Amino acid sequence: MIAVQEFQGKSVGVLGLARSGLSAARALKAGGAKLYAWDDGDAARQAAAKEKIALDQPNRWPWTQIKTLVLSPGIPLTHPEPHPVVRQAKSAGAEVIGDVELFARAVRSGRETNGLARIVAVTGTNGKSTTTALIGHILQAAGLDAQVGGNIGKPVLDLGIPTAKTVYVLEVSSYQIELSPGFAPDVAVLTNLSPDHIDRHGSMENYAAVKESLLRHAAPDGHVAVGVDDDHSAAIYTKLVANRMADAVAVSIGKVLGRGVFVIDGKLYDAWDQPSAQIGDLKTAPHLPGSHNWQNAALAYAAVRRLIRDPRAIFSSIQRFPGLAHRIEDAGRIGKVRFVNDSKATNADAAARALACFPDVFWIAGGRAKDGGIANLERYFPRIRKAYLIGEAAESFGKTLAGKVAAVQSGTPERAPKTAFDDARASKADEPVVLLSPACASFDQFKDFEHRGDVFKDLVRALIAAPPKPARAGAAS
1281 MIAVQEFQGK SVGVLGLARS GLSAARALKA GGAKLYAWDD GDAARQAAAK EKIALDQPNR
1341 WPWTQIKTLV LSPGIPLTHP EPHPVVRQAK SAGAEVIGDV ELFARAVRSG RETNGLARIV
1401 AVTGTNGKST TTALIGHILQ AAGLDAQVGG NIGKPVLDLG IPTAKTVYVL EVSSYQIELS
1461 PGFAPDVAVL TNLSPDHIDR HGSMENYAAV KESLLRHAAP DGHVAVGVDD DHSAAIYTKL
1521 VANRMADAVA VSIGKVLGRG VFVIDGKLYD AWDQPSAQIG DLKTAPHLPG SHNWQNAALA
1581 YAAVRRLIRD PRAIFSSIQR FPGLAHRIED AGRIGKVRFV NDSKATNADA AARALACFPD
1641 VFWIAGGRAK DGGIANLERY FPRIRKAYLI GEAAESFGKT LAGKVAAVQS GTPERAPKTA
1701 FDDARASKAD EPVVLLSPAC ASFDQFKDFE HRGDVFKDLV RALIAAPPKP ARAGAAS
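The working numbering numbers the first residue of the sequence shown as 1281 and each following residue consecutively.
For the record, the hints were derived by calculation from the structure and aren't laboratory data.
Take the hints with a grain of salt, since some may be wrong.
Stated by the list, open to error - The calculated lysine-lysine pairs, modelled on BS3-like cross-linking and capped at a C-alpha distance of 27 Å, are:
id	residue 1	residue 2
1	1290	1370
2	1434	1332
3	1547	1563
4	1708	1727
5	1679	1698
Claimed, not checked - Label pairs and their in silico Cβ distance ranges:
id	residue 1	residue 2	range
6	1639	1499	54 to 64 Å
7	1484	1364	21 to 31 Å
8	1332	1536	37 to 47 Å
9	1679	1345	48 to 58 Å
10	1536	1675	20 to 30 Å
11	1662	1555	38 to 48 Å
Computed from a predicted model, the values in this text were never measured in an experiment.
Ideal Cβ placement from N, Cα and C applies to all residues, glycine included.
Start from the sequences and build out the full structure, keeping to the hints where you can.
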């Protein structure tokens, strides 16, 4: 744990005591702060009480003494409207920050005295978790103390105290960025941008601006890597280069770049600060299938290129990457039928990346829909042999698919895998794939996407243990 000592003897409010909020409270307490903490959820309050964190409702906090409110990233800062406690804090003249800002201040203080630790920060709409984990994997293979956390794995303040070999590799969400005005990573990575979290930022432009701010704040002697295959990210890259805010490298999949890192037909090329050179064939990386994962790999390569000088060592580590749970994860096989867990696909763009990987898909989709639904997936409809729709979005998804893809209303997530398996096994496809790639948030039926993916894998394991009798031939095609 990283103790936050900046607030020793000072009063600090902490609102929201889930994973990152509780971590922040622990770090502040360890640093000697006087805490005033609260969460509206009974379970979160009970967890905090077990750690002897004092609880009191914010309307009873001594606001004349509190100059800092640490806000959980899940609590609205600006949109759809500020949380009442945020308003109260600003009326009292208190700054409103998050756990990543606390981390940045604590680590910066240590670096000023000891010259310790570098920070790599990854953000974007899709691919950031895989890119973050892959960067950590590469750095660890090179003998560095790569500590991975943030929006993936451990909260940032639960990571270890830095040493001379430490590189913190952090996934940061837009919610965390807007609460971290002083966060200045040595390397900043933007994977891509598509509409997401618009309810929290008010518009796509605001959402993109928050992501851009991370890159603009990168350390002057560091660098940034930007996936430039969407218009919003390309525009951000152009501005960064024009303003020379940091050493910026473009990353593309499918386009040859005069200067940058790019992938053509699976082959990774480096043309950043050298003549274009082929580094390796990403098709030989078994746990990074599909062009979206090639983008993740190219971004990871660009992120570490100034930290690890040997491109061959970087690529060798990419080939050995074991993959991440819930991201196009093999969940099992029964005969010719393969099961794939892509529960992390919480929007249509993420689902598109999975659908593009397989020609014969029996698709489990639905949940709490994001803006835009699945209309932009139409080019992948020919790959879908049948859809099994669950959750709140089932009816609207059914209307989108009507007349284009055979679909059934499965209702519960427990029913869908068995029905999809029966149809896949009876189909004429050589290697049908039962794919959970919901294109939706999970909160209508599950705690989170991990819970959703774990339930799917449990159901697959049950099918493998006791497969149902063969379905009649010709049930699906």
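Hint check:
no.: 1; hint: 1290 with 1370; verdict: 18 Å, holds
no.: 2; hint: 1434 with 1332; verdict: 21 Å, holds
no.: 3; hint: 1547 with 1563; verdict: 8 Å, holds
no.: 4; hint: 1708 with 1727; verdict: 36 Å, violated
no.: 5; hint: 1679 with 1698; verdict: 23 Å, holds
no.: 6; hint: 1639 with 1499: 54 to 64 Å; verdict: 45 Å, violated
no.: 7; hint: 1484 with 1364: 21 to 31 Å; verdict: 27 Å, holds
no.: 8; hint: 1332 with 1536: 37 to 47 Å; verdict: 59 Å, violated
no.: 9; hint: 1679 with 1345: 48 to 58 Å; verdict: 55 Å, holds
no.: 10; hint: 1536 with 1675: 20 to 30 Å; verdict: 44 Å, violated
no.: 11; hint: 1662 with 1555: 38 to 48 Å; verdict: 40 Å, holds
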